[in-house]
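The listed protein sequences correspond, in order, to chains A and B.
Numbers 1 to 302, taken from this note's numbering, label the letters of the first sequence in order.
Numbers 1001 to 1223, taken from this note's numbering, label the letters of the second sequence in order.
If you're looking for bench data, these hints aren't it; they were derived computationally from the structure.
Built from N, CA and C at the ideal position, the CB exists for glycine as well.
One should not assume that every hint holds.
A short, non-exhaustive set of chain A residues, derived as facing chain B with CB atoms under 8 angstroms [as the list claims (entries may be wrong)]: (1) R3; (2) E208; (3) A217; (4) W267.
Some chain A residues close to chain B (C-beta under 7 angstroms, calculated; not the full set) [claimed, not checked]: (5) R6; (6) H8; (7) Y10; (8) T135; (9) V215; (10) P220; (11) L239; (12) L240.
Chain by chain, the residues run as shown.
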Amino acid sequence: MRRWLRHHRYALQVALRRLRGHGLSSLANILVIALMLVVPLLGAAALQSAQPLMRQLAVNPELTLFLTPGLDTAAQQALQARIRTEADEQVAQVRLIPAAQAMDELRADPAWAQAFDALPANPLPDTLVVTLKDTDAPTRIADTLMQAWQHWPGVDRIQLDSDWVRRLESLLALLRTGLTLLAGAVLIVVLATVFNTVRLQALTQREEIAVARLVGATEPFVRRPFLYVGALTGLAASLLAWLLAGLALIPLNRMLERFTHTYDLEWVLHLPPPADLLSAGALTVLLGAVAARLSVTRHTRF
Amino acid sequence: MIEFQHVFKSYGRGRNILADVNFSTEAGEFLFISGPSGAGKSTLLKLVAGLEPASRGAITVNHHRINRLNARTLPYLRRTVGLILQHTHLLFDRRVIDNVLLPLAVLGLDARTAITRARAAMDKVGLRGKEDYWPIELSGGEQQRLAIARAIVGRPAILIADEPTANLDAASALRIMDVFRDFNQVGVTTLIASHDAPLMARYARRTLHVEAGRFTDLPGVPT
């Protein structure tokens, strides 16, 4: 066990010496990998930070039921009661807005007042505004209710006032898919960069490898420092990526704050939770070691 | 200790470098391999160290049949064989002491023991005080002695040297030969390939003479 630990300590020292020996190119490799990691990190930050925003926005999606012109008050109230009875679990509130009230509200806006004066009669229909309860899948529930209600007698047309929430959800799903693809591309970049670094190092260390074999080094002994080079490159790149992503969030949040303030919203980007960051870092370290293993096995056959 | 039985060596389908070589050595023996350049001396030493496989025949070193060892087990045999090749294979980007420490790192010795043994090996070959030098700062003879220090630091049972005095002046050559003799006297089997007839005559040991791939066993004068 002690011998095994000494071998690993030796491999670590050799790896650090090699990284130091090729300081500039090691730094360039670490920087390339770190910059590639920053992009999905920021993407993940945006996605994860958007989840609470989504809930905040979708808290009260509303369905507006435009009633058939001429529907009498009793029928309107019956419709209101039916909604309450059949969809009580999903519905938070049902409000009847008579056409006259809607017209009065619009007339209060000077921009509309003149336009309505020109009309011979009130063109607005009576409406039922149904506010849904806050759930995890508001758009799906709203869709189901729309499908059911649009065939009810007395209902002329239904409009989902929170339709844009669905678009935002779709956009986020698209971002999530894009992020997954981007993460895949980053993994390939990590593999390729470390593979090439180790290939160059194996070429420059030919003499050392040959001498080590002469004095009885096993292949794991020869390979181990290269694996450490790969893993250390991954580790340094991960740490640098976290730092860069953290720094990038400062001006991004400043700009975002100005933007969201105009919508009266709170949206602050923050890095993914430490557990996720550690998992991503561990994966990068592992990938570095795997790439080094593939490269060193291939390039030390002499 | 070392036994060759009907050993042939050729490269590809070319002519035999070695043809039907048979000899054996006892533990602690001092043996010269002599012959003109290109006769196959270096090839024979490489076969003993397991650096090259034999084309035919059986080679036994330290009770191990070399051709039965695989890539995983061969390194462990190499640790029992100290090898000094014509080209010293020093690591010029490491200090002198670090070159000597390499075989001990392979063995996984603790740092204190490794340093003690490396200093002792350097002392034996007369390089004391040059631990922190770079190999390039050493003379040709000193570089050769550094290669010897690296070969002996792991306390091998067999020491193999290929033309260790070829590029040295007479005084340096004698000093290096004395180092080999000292190791042989403490029981290390020593094989030295050389074509320096006066030097071999001076040490008057058993000599395997190789010419055109065939060996003649010439007994030495007991010392």
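Numbers of unmet hints, in rising order
4, 6, 8, 10, 11 and 12
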